[in-house]
Amino acid sequence: MKSLKSIAVGVALALGLGGVAAHAAEKLKVGFIYVGPVGDLGWTHQHDQGRKAVEKAFGDKVETTYVESVPEGADAERVMTQMALSGAKLIFATSFGYMDAVQNVAKKFPNVKFEHATGYKTAPNVSTYSARFYEGRMVIGHIAGKMTKTNKIGYIASYPIPEVIRGINAAYLAAKAVNPNVQFKIVWVFTWFDPAKEADAANALIEQGVDVIMQHTDSPAALTIAEKKGIYAFGQASDMKKFGPNARLTSIIDNWAPYYIQEVKAVMDGTWKSHATWDGIKQGMVKIGDFSDKMPADVKASAQKIIDGLKAGTLHPFTGPINKQDGSVWLKPGEVADDATLAGMNFYVEGIEGQIPK
Amino acid sequence: MFRLEARPQPSRFWIAVTPILAVIATMIAGGLMFAVLGKDPLASIRMIFWDPLMGEYAFYYRGQLLTKAGPLILIAIGLSIGFRAGIWNIGAEGQYIIGAICGAGVALAAYPVQAWYIFPLMVLAGGLGGWAWGMIPAILRNRFGTNEILVSLMLVYVAQHLLSSMALGLMRNPEGMGFPGSRNLQQYPSAANPELIAGTGIHWGVVAAFLSVIVAYVFMSRHMTGFQIRLMGESPRAATFAGVIPKRVVTFTLGLSGALAGLAGLFEVSGPAGQITIDFASGYGFTAIIVAFLGRLHPIGIMLGGLLMALTYVGGNLVQQQAGLPAAAIQAFQGMLLFFLLAFDLLSAYRVRLVKREHR
Numbered sequence: 001m002k003s004l005k006s007i008a009v010g011v012a013l014a015l016g017l018g019g020v021a022a023h024a025a026e027k028l029k030v031g032f033i034y035v036g037p038v039g040d041l042g043w044t045h046q047h048d049q050g051r052k053a054v055e056k057a058f059g060d061k062v063e064t065t066y067v068e069s070v071p072e073g074a075d076a077e078r079v080m081t082q083m084a085l086s087g088a089k090l091i092f093a094t095s096f097g098y099m100d101a102v103q104n105v106a107k108k109f110p111n112v113k114f115e116h117a118t119g120y121k122t123a124p125n126v127s128t129y130s131a132r133f134y135e136g137r138m139v140i141g142h143i144a145g146k147m148t149k150t151n152k153i154g155y156i157a158s159y160p161i162p163e164v165i166r167g168i169n170a171a172y173l174a175a176k177a178v179n180p181n182v183q184f185k186i187v188w189v190f191t192w193f194d195p196a197k198e199a200d201a202a203n204a205l206i207e208q209g210v211d212v213i214m215q216h217t218d219s220p221a222a223l224t225i226a227e228k229k230g231i232y233a234f235g236q237a238s239d240m241k242k243f244g245p246n247a248r249l250t251s252i253i254d255n256w257a258p259y260y261i262q263e264v265k266a267v268m269d270g271t272w273k274s275h276a277t278w279d280g281i282k283q284g285m286v287k288i289g290d291f292s293d294k295m296p297a298d299v300k301a302s303a304q305k306i307i308d309g310l311k312a313g314t315l316h317p318f319t320g321p322i323n324k325q326d327g328s329v330w331l332k333p334g335e336v337a338d339d340a341t342l343a344g345m346n347f348y349v350e351g352i353e354g355q356i357p358k
Numbered sequence: 001m002f003r004l005e006a007r008p009q010p011s012r013f014w015i016a017v018t019p020i021l022a023v024i025a026t027m028i029a030g031g032l033m034f035a036v037l038g039k040d041p042l043a044s045i046r047m048i049f050w051d052p053l054m055g056e057y058a059f060y061y062r063g064q065l066l067t068k069a070g071p072l073i074l075i076a077i078g079l080s081i082g083f084r085a086g087i088w089n090i091g092a093e094g095q096y097i098i099g100a101i102c103g104a105g106v107a108l109a110a111y112p113v114q115a116w117y118i119f120p121l122m123v124l125a126g127g128l129g130g131w132a133w134g135m136i137p138a139i140l141r142n143r144f145g146t147n148e149i150l151v152s153l154m155l156v157y158v159a160q161h162l163l164s165s166m167a168l169g170l171m172r173n174p175e176g177m178g179f180p181g182s183r184n185l186q187q188y189p190s191a192a193n194p195e196l197i198a199g200t201g202i203h204w205g206v207v208a209a210f211l212s213v214i215v216a217y218v219f220m221s222r223h224m225t226g227f228q229i230r231l232m233g234e235s236p237r238a239a240t241f242a243g244v245i246p247k248r249v250v251t252f253t254l255g256l257s258g259a260l261a262g263l264a265g266l267f268e269v270s271g272p273a274g275q276i277t278i279d280f281a282s283g284y285g286f287t288a289i290i291v292a293f294l295g296r297l298h299p300i301g302i303m304l305g306g307l308l309m310a311l312t313y314v315g316g317n318l319v320q321q322q323a324g325l326p327a328a329a330i331q332a333f334q335g336m337l338l339f340f341l342l343a344f345d346l347l348s349a350y351r352v353r354l355v356k357r358e359h360r
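As given, the protein sequences belong to chains A and B, one line each in that order. First residue of the first sequence? That's 1 in my numbering, and the numbers climb one at a time after it. First residue of the second sequence? That's 1 in my numbering, and the numbers climb one at a time after it.
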């Protein structure tokens, strides 16, 4: 009886998949699973903008569905299975923590393609994709270094993971290059999205005398505080201009739309292949918002030059000579960091004060 | 004119009927909300309550209901025993986290040894961890008269920070490319808590949950300590005259609810969740409080309440995806359920009387 039941499950799964394949002429169903609410104005919001762009680009040929605020773990696995059962042929899993759940579901549905954001495990039907946000950090680090009067720059960091540490290093190196006296004050808030905590961190930084704040958290809270206190800050993930029209100098914008459209098209054409994508400013996955009028013309020009250099590929945020925080040599003069080191970056570069929390 | 009249005894009939009324009222009010949001109310309600049980892919969702309900029931059973005695453990979420950390700790320390005794040791560690976390408010209350509601709740935040620290530091997967999160216990056979029968969603945690329902039922209705617990909740003064030692009841109930929450955490981390991650705790400990009240603090009621709550989650995700409802609408829907339940409770404690207006 028990084995009968599991056979029945297997057959039903197979039939479910076969049934979908038989209606290939129908709309392509694409599922999106989000870790936060679509209204967070940060990470999830930008992924949802990508989803909307897919709907707009393909019109009647696609049907997109999404489920928001899905906890990582068993719930994510269930929601992705649910999407696959209801006929989705392509599923975007937009949080690092969905990694093992994606692998589990992908094994059960070999005919469904999965795209996992910011992870490192691929499979024949699982691709990974992420953006080189540190390129954006280089731009805003440069601007912050030029704009600060107190030479103190505040940094609201979420979790001590390579992604965040890479951003801090990139921003610091760019700021230091134009302002040798610059100091970074880093606060770890141990959350991706908690407006109250982010605001507290911003206030604490301002009390320490910083006059430019950058954040690696998702809400516009820091920008709102900066606006109130009359200092500068940046938009993060989305443009966020309306939250601090005077404070916001520019923003790092996550732009998933072109990638999502490209992958949906690949599935439609039957050309989709498993891959690991890590795109930056050059490919348009990372965008820099409009420059604020508060920026002097020369700062605008030099920042634009960096953007152009990153676009052309003639500039890399991590180009030697760079030492690690302990003084040991990381990159020799002219040497450029390789992707593997960047992907696992777990050290500060020379000059940053403080320790990475353990 | 209507008047409310207190009943001498809560009505048994209404106690049994109000949960059903509450579900129906939730369907009506929720359906209205879905209609306002521009969705077909009947289809949406059907997707939440019917499709996971009887729909096309029910074979998958039925198992998922058990997986989701398991930890809720296990935690709620523990909580209900304390609640019956008037001891309010609000911190099951923290005990759940500590149980998971302790259980996973055993597994990660033993890795990669394969042996039959690893999983039993993890179960022991998970239960003990939750118990110890529950004992903190118990000891503080017995020694210093602190309020266990506040202490247990505050300890949730401590546990959450400990969880972050574990995921980022001590328990971080050395092969994880620097990302937070432990090794995946699903991929470590001696420590894994997989489905016992493929496709049913039943793992050891679900088994433990149903066992706890039976044991709690017998314990509360047949055992002396169960009687003392009920007595202390209903009439503390009478209880002391009858020889009940309140401190002992505090120690017992907080320890027990902590241990059960710890076990739930252990079964979750070794099974469906697989890993210690920063976001491992997804609110089971708090939702279980709702489940305990949904089930009238009665073991059988809690079992049904847990399954109903699981249904709103599983069906809620389904309707989100299929009908495009926002997550907030589902949370509001779950809130309505609790609201109507508490509101209809009035009927079991009071009689509604139609009275003629008196002129004075």
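Read the hints as simulated data drawn from the structure, not as lab findings. Careful: at least some of the hints might be erroneous.
Keeping only pairs whose Cα atoms sit at most 30 Å apart, straight-line, the calculated DSSO-like set for lysine-lysine is [said to hold, decoys possible]:
{"id": "1", "chain 1": "B", "residue 1": "Lys39", "chain 2": "A", "residue 2": "Lys27"}
{"id": "2", "chain 1": "B", "residue 1": "Lys247", "chain 2": "A", "residue 2": "Lys56"}
{"id": "3", "chain 1": "B", "residue 1": "Lys39", "chain 2": "A", "residue 2": "Lys61"}
{"id": "4", "chain 1": "A", "residue 1": "Lys176", "chain 2": "A", "residue 2": "Lys324"}
{"id": "5", "chain 1": "B", "residue 1": "Lys247", "chain 2": "A", "residue 2": "Lys52"}
{"id": "6", "chain 1": "A", "residue 1": "Lys27", "chain 2": "A", "residue 2": "Lys152"}
{"id": "7", "chain 1": "A", "residue 1": "Lys29", "chain 2": "B", "residue 2": "Lys356"}
{"id": "8", "chain 1": "A", "residue 1": "Lys149", "chain 2": "A", "residue 2": "Lys108"}
{"id": "9", "chain 1": "A", "residue 1": "Lys287", "chain 2": "A", "residue 2": "Lys52"}
Fair warning: this is a prediction, and the values are worked out from it, not measured in the lab.
Structure-based check of each hint:
1. Restraint check for lysine 39 of chain B and lysine 27 of chain A: satisfied, since their Cα atoms lie roughly 21 Å apart, inside the 30 Å limit.
2. Taking the CA atoms of lysine 247 of chain B and lysine 56 of chain A, the gap is about 65 Å. The hint is violated against a cut of 30 Å.
3. Only pairs whose Cα atoms come within 30 Å are accepted, and lysine 39 of chain B paired with lysine 61 of chain A is accepted, the gap being roughly 23 Å.
4. The straight-line distance between the Cα atoms of lysine 176 of chain A and lysine 324 of chain A is roughly 14 Å, inside the 30 Å bound, and the hint therefore holds.
5. Only pairs whose Cα atoms come within 30 Å are accepted, and lysine 247 of chain B paired with lysine 52 of chain A is rejected, the gap being roughly 59 Å.
6. This hinted pair does not check out: lysine 27 of chain A and lysine 152 of chain A have alpha carbons roughly 54 Å apart, beyond 30 Å.
7. For a cut-off of 30 Å, the pair hint linking lysine 29 of chain A to lysine 356 of chain B is broken: about 63 Å separates their Cα positions.
8. Under the criterion of a C-alpha separation no larger than 30 Å, the hint pairing lysine 149 of chain A with lysine 108 of chain A is inconsistent with the structure, at around 57 Å.
9. With a CA separation close to 18 Å, the supplied pair lysine 287 of chain A and lysine 52 of chain A stays within the 30 Å bound.
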